[in-house]
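Line order of the protein sequences matches chains A and B.
Take the first sequence: its letters are residues 1 to 98, numbered as in this note's numbering.
Take the second sequence: its letters are residues 101 to 185, numbered as in this note's numbering.
It is possible that part of the hints are untrue.
What the hints assert, rightly or not - Straight-line C-alpha distance at most 30 Å; calculated BS3-like pairs for lysine-lysine:
#1 A/K38 / A/K96
#2 A/K61 / B/K127
#3 B/K127 / A/K38
#4 A/K38 / A/K61
#5 B/K127 / A/K86
#6 A/K96 / A/K86
#7 A/K96 / B/K183
#8 A/K96 / B/K127
#9 B/K127 / B/K183
#10 A/K38 / A/K93
#11 B/K183 / A/K86
#12 A/K38 / A/K86
#13 B/K127 / A/K93
#14 B/K183 / A/K61
Stated by the list, open to error - Residues of chain A clear of chain B, computed beta-carbon distances all greater than 12 Å:
#15 R25
#16 T41
#17 K93
#18 V94
#19 T95
Claimed, not checked - Reference excerpt, derived from the structure (chain A facing chain B, CB under 8 Å, subset only):
#20 I11
#21 F14
#22 K32
#23 F44
#24 S70
#25 L80
#26 R87
Hint data in this document are derived by calculation from the structure and do not stem from the laboratory.
Being a predicted model, the structure only gives us computed values, none of them experimental.
We put the beta carbon where it would ideally sit given N, CA and C, even for glycine.
Given next are the chains, with one letter for each unit.
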Amino acid sequence: MHTAGQIFILIGTFFMFLGGLGVFRMPDVYNKLQAGTKATTLGFMSIALGVGLSQPQWLVKTLVLIAFISFTNPVSSSVLARAAMKRGIPARKVTKND
Amino acid sequence: MITYIFWLLIAAGLILSIIRIILGPGKEDRVAALDTANVIGTGIILLLAFQFQSPLYLDVALVYAVLGFMETVVIARIMENNKEL
Numbered sequence: 001m002h003t004a005g006q007i008f009i010l011i012g013t014f015f016m017f018l019g020g021l022g023v024f025r026m027p028d029v030y031n032k033l034q035a036g037t038k039a040t041t042l043g044f045m046s047i048a049l050g051v052g053l054s055q056p057q058w059l060v061k062t063l064v065l066i067a068f069i070s071f072t073n074p075v076s077s078s079v080l081a082r083a084a085m086k087r088g089i090p091a092r093k094v095t096k097n098d
Numbered sequence: 101m102i103t104y105i106f107w108l109l110i111a112a113g114l115i116l117s118i119i120r121i122i123l124g125p126g127k128e129d130r131v132a133a134l135d136t137a138n139v140i141g142t143g144i145i146l147l148l149a150f151q152f153q154s155p156l157y158l159d160v161a162l163v164y165a166v167l168g169f170m171e172t173v174v175i176a177r178i179m180e181n182n183k184e185l
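Let's have the full structure, built from the sequences with the hints guiding it.
Rendered as structure tokens:
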């Protein structure tokens, strides 16, 4: 059980690193929001599941954390993208509209 | 030994997003990087609970997640309502 928790925490920290790298490297506000939010949501879920699996009496609190993050993180990303679009921030030149 | 790898990876993610907060070109880039840094900070608090084997940090992580979400939504609403800010 301890080894399974450590494997989940390793996957989660790797996705947290990918989220930071995406925020650092992407050229645009919308690309930064997409890369940062999705990768850190998956990374946080995996870290919380790993911590809960390594100590099984903590599993209820970490499941509450997973549910809370999976509700609030898309909402904050959507609100930020809408604020950037209302302020008229242009997308990158390569981006095409339908 | 494997905990060094956890801390190294998550510190690299936090440092990259803090660099983007410092030298981001626009205000929206900075707020997007701040949102990412908040979620990574909540993950760091969970890793502290794993490292020290103490369940107190789970409550701290829950409160920090609520406050980070409120912060992002309030900043986005203020930026949306007055354009010259």
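Going by Cβ atoms, does A/K93 stay more than 12 Å from chain B at every point? 15 Å, holds
Taking 8 Å as the limit, does the beta-carbon of A/L80 come near enough to a beta-carbon in chain B? 5 Å, holds
Under the criterion that the straight-line Cα-Cα distance not exceed 30 Å, is the pair B/K127, A/K38 satisfied? Distance of about 21 Å is within 30 Å: holds.
Given hint A/R87 near chain B, where the shortest CB pair must fall under 8 Å: Hint holds; A/R87 Cβ to chain B Cβ min 6 Å, cut 8 Å.
With a cut-off of 30 Å on the C-alpha distance, tell me whether A/K38 and A/K61 pass. Holds, at about 22 Å.
Given the hinted pair A/K38 and A/K93, is their Cα-Cα distance within 30 Å? Satisfied, since the Cα-Cα distance of roughly 23 Å is no more than 30 Å.
Less than 8 Å between beta-carbons is the criterion; does A/F44 satisfy it with respect to chain B? 5 Å, holds
Determine whether the non-interface label on A/R25 survives the test: each CB of chain B must be over 12 Å from its CB. About 8 Å separates A/R25 from the closest Cβ of chain B, which leaves it inside 12 Å; violated.
Distance restraint between A/K61 and B/K127, which requires alpha-carbon spacing of 30 Å or less: At roughly 35 Å apart (the allowed maximum being 30 Å), B/K127 and A/K61 break the hint.
Checking one constraint from the list: CA of A/K96 to CA of B/K127, max 30 Å. Satisfied? Answer holds: A/K96 to B/K127 is near 24 Å, not above 30 Å.
Let's test the interface hint: is any C-beta of chain B closer than 8 Å to that of A/I11? 10 Å, violated
Hint consistency between A/K96 and B/K183 [alpha-carbon to alpha-carbon, up to 30 Å]: Roughly 25 Å separates the two Cα atoms, so the pair holds.
Violated hints, listed in ascending order, are 2, 14, 15, 16, 20 and 24; each of the other numbered hints is respected by the structure.
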